[in-house]
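Number of protein chains: 2
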Amino acid sequence: MGGFAAATTVRKKAEGRYAADLDGDLGIEGAINGGYLMAVMARAVLDQSPHPHPVATSASFLRVAKAGPAEVRVEPLKAGRTAAVARVTLVQNDQALVEALITTGTLDGEAEPVYSVDQEKQPPVEECLEFGPTHGFGRQVDMRYDPATMGWLDGRPTGVPEIRGHLRLREPYEPDGVLLALAVDALPPVVLNTGAKGWAPTVELTWHMRAVPAPGWLSVHGRGRLVRDGWFDEEVEVWDSAGRLVAQSRQIARAGRSG
Amino acid sequence: MGGFAAATTVRKKAEGRYAADLDGDLGIEGAINGGYLMAVMARAVLDQSPHPHPVATSASFLRVAKAGPAEVRVEPLKAGRTAAVARVTLVQNDQALVEALITTGTLDGEAEPVYSVDQEKQPPVEECLEFGPTHGFGRQVDMRYDPATMGWLDGRPTGVPEIRGHLRLREPYEPDGVLLALAVDALPPVVLNTGAKGWAPTVELTWHMRAVPAPGWLSVHGRGRLVRDGWFDEEVEVWDSAGRLVAQSRQIARAGRSG
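Protein chains in written order, with the numbering used here: chain U, 1 to 259; chain E, 1 to 259.
It is possible that some hints are incorrect.
[As the list claims (entries may be wrong)] Going by beta-carbon spacing under 8 Å, a handful of chain U positions derived as facing chain E: (1) L107; (2) E120; (3) P124; (4) D146; (5) G224.
[Stated by the list, open to error] Chain U stretches covered by chain E per the calculated footprint, using a threshold of three residues with CB under 8 Å from any CB of chain E: (6) 23-37; (7) 157-163.
[As the list claims (entries may be wrong)] No farther apart than 27 Å at their CA atoms in a straight line, the calculated lysine-lysine pairs in the DSSO-like style are these: (8) K121(E) to K66(E); (9) K78(U) to K78(E); (10) K121(U) to K66(E); (11) K66(U) to K121(U); (12) K66(E) to K78(U); (13) K66(E) to K197(U); (14) K121(E) to K78(U).
Don't read these hints as lab results, they were simulated from the structure. The beta-carbon is built from N, C-alpha and C at its ideal position, and this holds for glycine as well.
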């Protein structure tokens with residue numbers, strides 16, 4: 001109930017072992033959000049890393065998490081000047097829920113891009129839609145959706161697996177690497193726009209932090225490239241309020257049954 | 001010297017332990033190709049999985065591999081009806097070189113896409129360029145490059161981090177999930193086209209097998225979206241000879257010094 005900062009707090013119990021308390025509020029209909037789980041794991045790995053930024057996170061989602069106590073285990077695999085790598089496991093009732101490889105590094109907040117794609121246009125926050133319950137995830141995370149990508153909500157999926165929106169927390173909390181972990185998995189599944197329904201469980205999600213985000217809203221743009229044989233990919237780009245690409249992700253997930 | 005099939009052969013020593021012999025031929029100037037290392041790891045994980053296809057592979061490259069004996073250690077994390085997940089480590093001289101999470105599954109070769117992006121146009125094999133040494137990697141892998149993306153080769157980088165080409169092995173070997181692991185890391189680094197020079201070591205690479213490839217050439221399309229602060233992303237799509245998207249990857253890597 002304390003919001004995202006409280007919900008991602010970890011307490012060091014021993015070298016490489018952290019206690020966490022998973023907040024059921026950061027989920028939708030009982031399924032705790034995978035981005036939130038990655039955020040908790042990022043907190044633990046950053047506590048023991050010489051570097052402040054989660055540059056690369058690859059997470060395999062093994063079992064469904066439940067609200068309540070959990071443990072994050074961090075095993076360093078390499079500690080370098082440019083990057084450190086750790087194996088990070090989220091454990092509950094002696095079962096691994098999520099295993100991840102997390103590379104931490106030190107990004108220069110001031111560096112200018114040598115090359116960057118342009119941000120795709122999307123309507124400003126005030127022209128975007130709110131929807132969904134204001135309890136649970138919606139009480140913590142303020143999401144506003146581009147109406148052009150929300151046809152599925154009225155039973156008219158656009159046919160293109162794409163959803164765009166803006167995201168910020170309702171509590172005072174400016175974007176950082178931990179919030180980016182939430183942002184890359186915060187959108188409804190893009191396959192809702194190709195007729196899939198229901199839950200779309202993530203099997204594997206990899207995301208990269210590319211720059212230190214500016215304060216303010218984050219823009220999130222989710223896009224799939226292939227929906228086939230019950231599997232779909234979802235790529236999310238996160239742009240900050242200064243118009244910079246700050247995170248990239250791709251997940252592979254199971255599509256809910258069409259119907 | 002025996003080609004890709006021989007170079008990726010693994011021999012089971014005990015439950016979850018496989019002997020491999022890394023072939024220095026599958027490298028460039030002494031650096032063994034990361035895609036080849038992932039292919040060796042895929043062979044081991046497929047040997048013990050109930051599923052035939054490496055649906056998701058996330059690999060952290062920790063240390064440089066050398067030609068010669070190595071061991072692949074496979075630790076199952078989950079075995080499900082739809083997907084199995086294992087932690088897979090490539091070890092040489094008691095040091096982990098690559099650690100990966102590999103999800104295996106069973107893809108339906110006949111399924112029609114619910115949605116697919118279109119393949120970007122590229123010139124046919126016979127209008128593409130060969131370059132590079134015909135020993136080592138070039139003796140094993142036949143690569144043909146779209147001339148429009150090869151400006152860097154003549155000191156005129158295009159300014160866009162993009163390289164396209166076609167790939168097949170020189171030995172008789174039709175595409176499969178193991179060859180796709182090589183294909184997603186076979187292109188020269190796309191940052192050569194934004195002025196970077198020299199080696200561009202991969203830090204983390206995740207790839208997904210999306211369909212069972214048809215026989216024949218594979219088309220590989222590499223594209224970066226942000227080059228900043230010494231880091232770049234490279235996304236590779238692999239299309240088969242039937243025009244289907246069969247693999248997707250993204251790697252995060254360090255850019256060589258511009259100059």
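Against the structure, the hints come out as follows:
1. L107: 6 Å, holds
2. E120: Status violated, d = 12 Å.
3. P124: 23 Å, violated
4. D146: With a closest approach of 19 Å, the D146(U) hint is violated.
5. G224: 7 Å, holds
6. 23-37: violated (count 0)
7. 157-163: holds (count 3)
8. K121(E) to K66(E): Distance ~37 Å between K121(E) and K66(E) Cα, so the pair is violated.
9. K78(U) to K78(E): The hint holds at about 25 Å.
10. K121(U) to K66(E): Given pair K121(U), K66(E) is violated - Cα atoms ~47 Å apart, limit 27 Å.
11. K66(U) to K121(U): Measuring from Cα to Cα gives roughly 37 Å; hence the hint is violated.
12. K66(E) to K78(U): The given pair, whose Cα atoms are some 18 Å apart, holds under the 27 Å limit.
13. K66(E) to K197(U): 48 Å, violated
14. K121(E) to K78(U): Outside the cut-off at roughly 41 Å; violated.
Hint compliance for this structure: hints 2, 3, 4, 6, 8, 10, 11, 13 and 14 are not met, and every other hint is.
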